[in-house]
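Turn these sequences into a full structure, and let the hints guide you.
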Amino acid sequence: MTSFSTQDPEYKADIEDYADLILEYLHQLGVEYVFGVPGGAIEPLYNALARSARRGGPKAIIARHECGAAFMAEGYYRETGKLGVVCSTTGPGATNLITGVASASVDKSPMLVLTAQTALPKFGKRPLQDSSETAIDTVGIFRNCTKFNALISHPEQLESKLISALMESVQSPKGPVHLSIPSDILRGPYGHKDPNVQVNYLMQRASLVDKNAVDRLVDEICEADNIVLFIGHDCRRAYKQIEKLAEAINAPFVSGPMGKSWVNERHPLYRGVYGYAGHESAHELFKDPNIELVLAIGTSITEMGIGSLGKELLNNKLIHVDSTVESFSRSPMAKLHVCGHLNTVFNRVLNKVCEYGWNRTWQGLKLDKQQNVLGGYTKLIEPEKCFSDAVPIKPQRLMAYLSEALSPSTRVFIDTGNIWAWATHYLSHTAKEGLYRVSMGFGSMAWAIGAVIGSALASRDEPHVCLSGDGAWLMSSHEIGVAVQHQLPILFVVLNDSAFGMIRFGQQLSKAESIGWQLNEVDFAALAKAQGANGYVIEEPKQLMDLDLEAIFSAKVPTLLDVRIDPDEMPPMMARVNSLKEESNSAIGYT
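Residues 17 to 607 in my numbering are what the sequence shown spells out, letter by letter.
Source of the hints: derived by calculation from the structure; they are not laboratory data.
For clarity, every value in this text was computed on a predicted model and none was experimentally measured.
Keep in mind that a hint or two might mislead.
Stated by the list, open to error - Here are the simulated BS3-like cross-link-like pairs (lysine-lysine), alpha carbons at most 30 Å apart as the crow flies:
hint, residue 1, residue 2
1, Lys209, Lys303
2, Lys572, Lys545
3, Lys401, Lys385
4, Lys163, Lys260
5, Lys177, Lys163
6, Lys351, Lys368
7, Lys124, Lys260
8, Lys98, Lys256
9, Lys401, Lys256
10, Lys395, Lys368
11, Lys382, Lys124
12, Lys558, Lys572
13, Lys209, Lys227
14, Lys209, Lys124
15, Lys401, Lys227
16, Lys351, Lys401
17, Lys260, Lys98
18, Lys401, Lys327
19, Lys177, Lys227
20, Lys527, Lys572
21, Lys177, Lys303
22, Lys527, Lys558
23, Lys75, Lys124
24, Lys260, Lys227
25, Lys303, Lys395
As the list claims (entries may be wrong) - Here are the simulated distance ranges between beta carbons:
hint, residue 1, residue 2, range
26, Asn306, Leu218, 34 to 40 Å
27, Glu263, Lys209, 30 to 36 Å
28, Lys260, Asn228, 40 to 46 Å
The beta-carbon is built from N, C-alpha and C at its ideal position, and this holds for glycine as well.
And the structure:
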């Protein structure tokens, strides 16, 4: 989050109670929407939202489930860089939020979580949906998935705790913050005409950097010739500078599965994804004995990604660059740690390296520059299936179609399940501005269904696509009604094989009992139509080629494609394990 909006000069605050005060602070930050589901105890906030909408301030978006609302708030943040805001009523309303908030916590997405609390005079008296500390203590429940977590026990606390929470949400590492506010405090009179603080100024992030570490980083780069870059999920602020550095020093780069968001997958220096469902070209790159340095940027060192590298690279050749010290706990033996805001770090590095470049040329590692069938330079498993006309449709063919048909400006949201593997390996996206979006930290099924709606609300004129499996869609298909209600022309693509595919193939690979993965056959197109969306069953590749995507993205309602995929096609992560005959598949895992 790099900037915050100030109030429109023509906007007039109208603060009656503490609920109005909360929305006034959100307006200072340029927040347009508060996602949630209404209820009795949270009613004062919704009264304030109605007043706010009439005067051009934040307005309510009503989800169908509180968890979906939290996913929408995170999608809104990913599109705008502004704070995501979600609210719920007491009791089950608050507990329904937990998965969405936990997902934001793991992915380090700033989010303000507002839950109503039992009115103070009713504490300990067992009212309906009691959430106080004497019953189902929601403050205690949120403790381990938020950065700031507080009960407002007196009206005078609300303003200061709100400001503290807002500031904490955007400090590294970013993440969700939670306020539990008794309903009687929400409706209580504020007593002042204007807020006491201009909070947007307090939330600016200073450009902090370890100058000595940056100087050492420059020295290491200038003394080495064969360097590899690993791009992690947290490169939002520096993806342009990182690509320029790679070109300046002729360094091949790879990414983690979430780091795909920040790379042009058809760049000649990009060698693909390392880790989960990755590419052989990325794994081969790290086997090159001539590597002198590995720069791991904006990433945690996890077993799903770069953490599976050999000890020689991790201990003797790794330089870990990140915006938070917390990430370095996973790379204690690295050659160098560089902490600071990544744009500041790499602006300095790039300037100094370019100056030094007048005196030398980085030769770099020898690379195979042969293009694959998707236009990139990665090695794909069974690339011929990207052109298969077989029925049922091969998932590889679907990914190849989308790679070719979608414009670079398309916001692509990938849900949890086998679609992770298919998209990671075969979906090629040329944009590097974070438009490929996936949440692989907590791995919440149905994340993409809510997140794409939050993003589309913020950027209605940009194409949005959500790729989901049938298992995830069955969990949260009701949220398509929000897209219908707000006339969002989102394209939802459901890979339909009547199975929890990740469970099925995980059991097959590990020789476990085959149990629990079967699903009933569902006509998802009909289900979408029942809620007012367009829906089509896609059974053969020709039907894909006949789609009019321009018409779909200019419609007044969302469109769902029920794509009947080959249920026996093994996801690429499993095929990679079998083909490479790795000693252990413990780093692969399945959900």
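These are the hints, each one checked on the structure:
1. Pair hint Lys209 plus Lys303 does not hold up; C-alpha atoms about 65 Å apart against a cutoff of 30 Å.
2. Straight-line distance between C-alpha atoms of Lys572 and Lys545 comes to about 14 Å, which keeps the hinted pair within the 30 Å bound.
3. For the suggested pair Lys401 and Lys385, the alpha carbons sit about 22 Å apart, so the restraint of at most 30 Å is met.
4. Between Lys163 and Lys260 the CA atoms are separated by roughly 34 Å; this puts the pair beyond 30 Å, and the hint is violated.
5. Distance hint between Lys177 and Lys163 is fulfilled; the C-alpha atoms sit about 13 Å from each other, no more than 30 Å.
6. Taken as a hint, the Lys351 and Lys368 pair is honoured in the structure, with Cα atoms around 21 Å apart against an allowance of 30 Å.
7. Between Lys124 and Lys260 the CA atoms are separated by roughly 26 Å; this keeps the pair inside 30 Å, and the hint holds.
8. As the CA atoms of Lys98 and Lys256 are separated by approximately 20 Å, the hinted pair is consistent with the 30 Å bound.
9. Taken as a hint, the Lys401 and Lys256 pair is broken in the structure, with Cα atoms around 33 Å apart against an allowance of 30 Å.
10. The suggested pairing of Lys395 with Lys368 is violated, with an alpha-carbon distance near 34 Å, which exceeds 30 Å.
11. For a cut-off of 30 Å, the pair hint linking Lys382 to Lys124 is broken: about 36 Å separates their Cα positions.
12. Between Lys558 and Lys572, the direct Cα distance comes to roughly 25 Å. Compliance with the 30 Å bound is thereby established for this hinted pair.
13. With a C-alpha separation of about 45 Å, the suggested pair Lys209 and Lys227 falls outside the 30 Å cut-off, and the hint is violated.
14. In summary, the hint linking Lys209 to Lys124 is not supported, as the alpha carbons are separated by about 35 Å, beyond the 30 Å threshold.
15. For the hint pairing Lys401 with Lys227, the CA-to-CA distance comes to about 50 Å; that exceeds 30 Å, so the pair is violated.
16. For the given pair, Lys351 sits about 42 Å from Lys401 by alpha-carbon distance, which is inconsistent with the 30 Å threshold.
17. For the given pair, Lys260 sits about 27 Å from Lys98 by alpha-carbon distance, which is consistent with the 30 Å threshold.
18. Of the supplied pair hints, the one linking Lys401 and Lys327 is violated, its CA atoms being roughly 36 Å apart against a limit of 30 Å.
19. At most 30 Å may separate the alpha-carbon atoms for a hinted pair to count; Lys177 and Lys227 exceed this at roughly 34 Å.
20. Distance restraint check for Lys527 and Lys572: the Cα-Cα separation of roughly 48 Å exceeds the 30 Å cut-off, and the hinted pair is therefore not satisfied.
21. Restraint check: the Cα-Cα separation between Lys177 and Lys303 comes to about 51 Å, which exceeds 30 Å; the hinted pair is violated.
22. With a CA separation close to 37 Å, the supplied pair Lys527 and Lys558 exceeds the 30 Å bound.
23. Using a Cα cut-off of 30 Å, the hinted pair Lys75 and Lys124 holds, with the two alpha carbons roughly 25 Å apart.
24. Restraint check: the Cα-Cα separation between Lys260 and Lys227 comes to about 21 Å, which is no more than 30 Å; the hinted pair holds.
25. Straight-line distance between C-alpha atoms of Lys303 and Lys395 comes to about 15 Å, which keeps the hinted pair within the 30 Å bound.
26. Evaluation of the 34 to 40 Å hint for Asn306 and Leu218 yields a failure: the beta carbon distance comes to about 49 Å.
27. Against the hinted window of 30 to 36 Å, the Cβ-Cβ separation of Glu263 and Lys209 comes to about 55 Å, which falls outside the hint.
28. Restraint check, Lys260 to Asn228: a C-beta distance of roughly 23 Å breaks the suggested window 40 to 46 Å.
In this structure, the hints that do not hold are numbers 1, 4, 9, 10, 11, 13, 14, 15, 16, 18, 19, 20, 21, 22, 26, 27 and 28, in rising order.
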